[in-house]
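Asker: So the protein sequences, as listed, match chains A and B. Counting in my numbering, the first sequence runs from 3 upward without gaps. Counting in my numbering, the second sequence runs from -18 upward without gaps.
Be aware that one or more of the hints could be misleading.
Think about it this way: if two alpha-carbon atoms lie no more than 30 Å apart in a straight line, the pair counts; the simulated DSSO-like pairs of lysine-lysine are [as the list claims (entries may be wrong)]:
1. B:K112 / B:K125
2. A:K50 / B:K125
3. A:K29 / A:K41
4. A:K50 / B:K111
5. B:K112 / B:K54
6. A:K29 / A:K4
7. B:K54 / B:K125
8. B:K124 / B:K112
9. A:K41 / B:K111
10. A:K50 / A:K4
11. B:K112 / A:K41
12. A:K4 / B:K111
13. A:K4 / B:K112
14. B:K112 / A:K50
15. A:K50 / A:K29
16. B:K124 / A:K50
17. A:K4 / A:K41
18. B:K124 / B:K111
Chain A is nowhere near these chain B residues, computed Cβ spacing over 10 Å in every case [said to hold, decoys possible]:
19. D(-10)
20. M18
21. D21
22. Q52
23. A69
24. R81
25. T97
26. S107
27. G110
It should be emphasised that the hints constitute simulated quantities derived from the structure, not laboratory data. Bear in mind the structure is a predicted one, so any value in this text is a computation, not a measurement. Each residue gets a CB set at the ideal place from its N, CA and C atoms; glycine is no exception.
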Amino acid sequence: MKIRYFAWLREAIGTNSEDLTYNPDWKNVADLVAFLRQKSTAHHQALKDMTLVRVAVNYDYVDLDHPLTASDEVAFFPPVTGG
Amino acid sequence: MSIEITENDFDLSALYARLRQNGAGAVVLFVGLVRDMAGDDSITSITLEHYPGMTEQQLEAIRTQAMQHWQLKNAIIIHRIGTLEASAQIVAVGTAAPHRQDAFEANQFIMDYLKTEAPFWKCETSTQGKKWVEARTSDAEAKKRWAKKR
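Chain A on its own, in the form it takes in the complex:
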């Protein structure tokens, strides 16, 4: 599955995307976040407080209990500030 990062999360983690092998044990977005936090100190810091982060799966906003599939694109980013 594809993971995308934007704005300060992209800068904090040091990449705009990464490809992960889907693990069927990940029941939802919260499980994926728990996995990502273990990847590096930078991941841990960026994803420490999920109240500061919005999540989209396949371009739609979702909550942390949203289920995942192997082909999902999951994006993490701060609240939007366009306009």
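Given chain A, work out where chain B should sit, using these hints.
Answerer: Below, chain B without anything else, positioned relative to chain A:
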């Protein structure tokens, strides 16, 4: 194209010309500009990042909601990305309707939703350095008022 994400500046008279077609009786044009101050800091430029694909999908969904709820002849959204200088045009929303109230309300609705749903992020460069702009609670409040009306 009703939704346009572009690095280029946009021409309001061209946008207006498109909205005048098809028997509109009222056209509302909103333009958002780069502010030159953020608090006490003087802004030299902002850089706009977006999420290609999701941005278009979210804006299309907002536009469709507006077209369904108000009596509109047309609605056009243009949003710029990349680095913009102070006072540059960032966003334009144009709504055309048989009567002005629909054009006014739909235009505000589109902007309020764009502000809180469309995945764009602003990074400000000021005399104090670079800083990601934080979301404003007033923008979330502005969106909520439509929930009552719809």
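Asker: Now, for every hint given, state plainly whether the structure supports it.
Answerer: Hints and how they fare:
The straight-line distance between the Cα atoms of K112 (chain B) and K125 (chain B) is roughly 27 Å, inside the 30 Å bound, and the hint therefore holds. At most 30 Å may separate the alpha-carbon atoms for a hinted pair to count; K50 (chain A) and K125 (chain B) meet this at roughly 28 Å. For the given pair, K29 (chain A) sits about 19 Å from K41 (chain A) by alpha-carbon distance, which is consistent with the 30 Å threshold. At most 30 Å may separate the alpha-carbon atoms for a hinted pair to count; K50 (chain A) and K111 (chain B) meet this at roughly 23 Å.
Our distance criterion of 30 Å between C-alpha atoms is broken by K112 (chain B) and K54 (chain B), whose separation comes to about 40 Å. Between K29 (chain A) and K4 (chain A) the CA atoms are separated by roughly 16 Å; this keeps the pair inside 30 Å, and the hint holds. As the CA atoms of K54 (chain B) and K125 (chain B) are separated by approximately 25 Å, the hinted pair is consistent with the 30 Å bound. For the suggested pair K124 (chain B) and K112 (chain B), the alpha carbons sit about 25 Å apart, so the restraint of at most 30 Å is met.
About 27 Å separates the Cα atoms of K41 (chain A) and K111 (chain B), which keeps this hinted pair within 30 Å; it holds. Taking the CA atoms of K50 (chain A) and K4 (chain A), the gap is about 20 Å. The hint holds against a cut of 30 Å. Proximity of K112 (chain B) to K41 (chain A) is assessed by CA-CA distance (about 26 Å); at most 30 Å being required, the pair is judged to hold. Between K4 (chain A) and K111 (chain B) the alpha-carbon distance is near 29 Å, which keeps this suggested pair within the 30 Å criterion.
At roughly 27 Å between alpha-carbon atoms, K4 (chain A) and K112 (chain B) fall within 30 Å of each other, so this suggested pair holds. With a C-alpha separation of about 20 Å, the suggested pairing of K112 (chain B) with K50 (chain A) holds against the 30 Å cut-off. With a C-alpha separation of about 19 Å, the suggested pair K50 (chain A) and K29 (chain A) falls inside the 30 Å cut-off, and the hint holds. Our distance criterion of 30 Å between C-alpha atoms is met by K124 (chain B) and K50 (chain A), whose separation comes to about 28 Å.
For the given pair, K4 (chain A) sits about 15 Å from K41 (chain A) by alpha-carbon distance, which is consistent with the 30 Å threshold. Taken as a hint, the K124 (chain B) and K111 (chain B) pair is honoured in the structure, with Cα atoms around 28 Å apart against an allowance of 30 Å. Look at D(-10) (chain B): its CB is around 17 Å from the nearest CB on chain A, clear of 10 Å, so calling it non-interface holds up. With a least CB separation of 16 Å from chain A, M18 (chain B) remains clear of the 10 Å interface cut-off, as annotated.
Against the 10 Å criterion, D21 (chain B) stays outside the reach of chain A, whose nearest CB is about 19 Å from its own CB. With a least beta-carbon separation of about 24 Å from chain A, Q52 (chain B) lies farther than 10 Å from that chain, consistent with its non-interface assignment. Chain A leaves A69 (chain B) outside its interface by the beta-carbon criterion, the shortest separation being 14 Å against a cut-off of 10 Å. Every CB of chain A is more than 10 Å from the CB of R81 (chain B) (nearest about 22 Å), matching its label as outside the interface.
The beta carbon of T97 (chain B) is not kept farther than 10 Å from every beta carbon of chain A, the shortest such distance being approximately 7 Å. The claim that S107 (chain B) lies off the interface holds: its Cβ sits roughly 15 Å from the closest Cβ of chain A, which is beyond the 10 Å cut-off. For G110 (chain B), the shortest C-beta to C-beta distance to chain A comes to about 13 Å, beyond the 10 Å cut-off, and the non-interface label holds.
Of the numbered hints listed earlier, those contradicted by the structure are 5, 25.
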